[in-house]
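With the sequences and hints as input, model every part of the structure.
So the protein lines, in turn, are chains H and P.
Using the numbering used here, read the first sequence as starting at 11 and increasing by one per residue.
Using the numbering used here, read the second sequence as starting at 530 and increasing by one per residue.
Incorrect hints may appear among the rest.
A short list of chain P residues far from chain H (calculated; beta carbon distances all over 12 angstroms) [as the list claims (entries may be wrong)]:
#	residue
1	F535
2	E628
3	R637
4	R641
5	E660
6	T749
Reference listing, derived: stretches of chain P covered by chain H, where coverage requires no fewer than 3 residues with Cβ under 8 angstroms from a Cβ of chain H [what the hints assert, rightly or not]:
#	region
7	605 to 613
8	729 to 742
9	836 to 845
Just so you know, these hints were derived from the structure itself, not from any lab.
In this text, a Cβ means the ideal position worked out from N, Cα and C, and glycines have one as well.
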Amino acid sequence: MTVLINDKTRVLVQGITGREGQFHTQAMRGYGTKVLAGTTPGKGGQEVEGIPVFDNVIEATEEFPEINASIIFVPARFAADAVNEALDAKLEVVVAITEHIPLHDEMKFVALAHQQGSYIIGPNTPGVISPGMCKLGIMPAHVFKPGQIGLISRSGTLTYEVAASLSGAGFGQSTAIGLGGDPITGMSFIDALRLFETDDNTSAVVMIGEIGGSAEEEAAEYIKEHITKPVVAYVAGRTAPKGKRMGHAGAIVSGTSGTADSKMAALRDASVTVIERPIDVDEALQTLLKS
Amino acid sequence: MRQFEFEAKEAFQKVGLSIPRGRVAQSSDEVEQVARELGCPVILKAQVLAGGRGKAGGIKRAETPKQARSLADKLFGMEIHGHLVNRLLVEECLDISQEIYLGITVDRTNRRPVAICSGMGGVDIEKVAKEHPEKIARLAVNPLMGLREFEARRLVKAAGFKGRTLLHLSRIVMQLWRVFSDNDAELTEINPLIVTTDGKYIAADARLNVDDSSLFRHKTLAERLEKGVAELTELELRARELGMTYVELKGDIGIIGNGAGLVMATMDAVHYYGGKPSNFLDVGGGATADRMTQALDIVLSHPDVKGVFINILGGITRCDEMANGIVASQKTLKREVPMAIRLIGTREKEGAEILQKANIPFLETMDAAAQLIVEKTRGGEK
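If you want it as structure tokens, here you go:
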């Protein structure tokens, strides 16, 4: 039906008493997401919007054993600890919204998640949404519509741009996954492509990449061998200069590697339809899905 | 955050790595004095936060203290890739028998650190990787365990070293791991590690880039960034202080948007329609009206800017806040330039009303706005 989240997703909000935590708890609930509990150390026993707050994750999962996912709104210097706490409780999906988590901490918790088979979405992500069913993130829900396009992106607002365009043209989305803008993230394009390939409700995939690293090039190699569904890709940052971080910690061209042109060429070589403007996504899908 | 060579060498010393004798000098007098203390010949190395220093003429050898002074006269005040030289590291010359490369960096693909060793030191390692990939040994480190001694030995062996050299180098790799780990490094490198004719191992050059996100646990570095000693321009620093990301570019169309990916896409759209962006500016998530006013002020401080493209797709960011910021800045703007505004998303109706009342036109698609700003700025040229 969908990937990563569905109607059985039961959510814990870490950092629920903060401004962002409260605001988005309300928004997610309004969308129909089942938020069962929250945590903030030192604030156990309080409530947010009628949702019980616990001092730590284990207390929350003992009270609500059906919790299987967490979303983290904890400031950067405490966020890695929050991710580790969620992993310690063996939650299946952990969404780390927080930006500016130290790189070394990210490498550690990503390795831990892989070891135990949990998914980390982000850090520095808008989260994940299966339109009409579950939103585990901070995205403006109205630009997403239920449908059969799998959306994978390294950028938040650019995801909304493309989702709005898709929804407007009648292409709803099965699930939209924000991989995150950091150099190290829990999921790669390949991890997400693998999930969409086996998802019956996904008929095509749209990838939104950007400069920095080589995740798009690796995805291109993977697509050649393993992906049968049509893929459309956009890569942001063709006009970005070398050696400068373009907002996201991960968006940097180092030497000659990580350029948009190299990514676009690799994807074209893998028979992916590469578009030059986000607005071209509808036409590209129409052409691909007709044939 | 890139460290100066002398700072990286201080970090090396802390873990027991050997570095050449020498110190930093800030005037030609001081350079001459250090050269006398050390005994000539000496090497003068410009301390700038830019690569390619040697090729740009920033490293000189002096045979006498007098020559050191006259070379220093030329080096001070020189610009290397836009960075002014105001400090020289004066060091002893080493008698080289062998040059080795050692480095530890973050492998984004495998999401873990990678340690690298090669017998071909002293040259650009990326070039070696391309031309002689067999001369480079790599080892992936499990971030949960850190680099272990037997792994270091395995790495050094794979690079072709044996006997006593194998043991010496493995110890140095472990010390370099401590530099990497203690400093939250994105990259640390010894290139070259020199084996002297009398059998000593000395880090002749040192590189250390610290992860910006970790600066809260590296207080002295964070302070340096606040003081402005970093590889950022004045406007980039000002934006940073305000919590925005600004990157200066060479074109003439100012770009403001919310979200890194969207701002990059906006730059690309301007380029697609034949324009050249003068900057990247991300106001960040949930920006207020004030933030927008400050953003416009920064963008217009770039002297080449002929027009501005504001692209807002509201999620957490609200269109009414952004519209209020745009209207408020009309009164305080440094100068009047054509603008193209695209405003959709959260509270777009309220935002639209605010702009309409102030007679500021706006559009709904990124492409229409990109075309408009390119046309308007071209018109200004005629």
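Hint-by-hint comparison with the structure:
| no. | hint | verdict |
| --- | --- | --- |
| 1 | F535 | holds, 22 angstroms |
| 2 | E628 | holds, 21 angstroms |
| 3 | R637 | violated, 4 angstroms |
| 4 | R641 | violated, 6 angstroms |
| 5 | E660 | holds, 14 angstroms |
| 6 | T749 | holds, 17 angstroms |
| 7 | 605 to 613 | violated (count 0) |
| 8 | 729 to 742 | holds (count 3) |
| 9 | 836 to 845 | holds (count 4) |
Hint compliance for this structure: hints 3, 4 and 7 are not met, and every other hint is.
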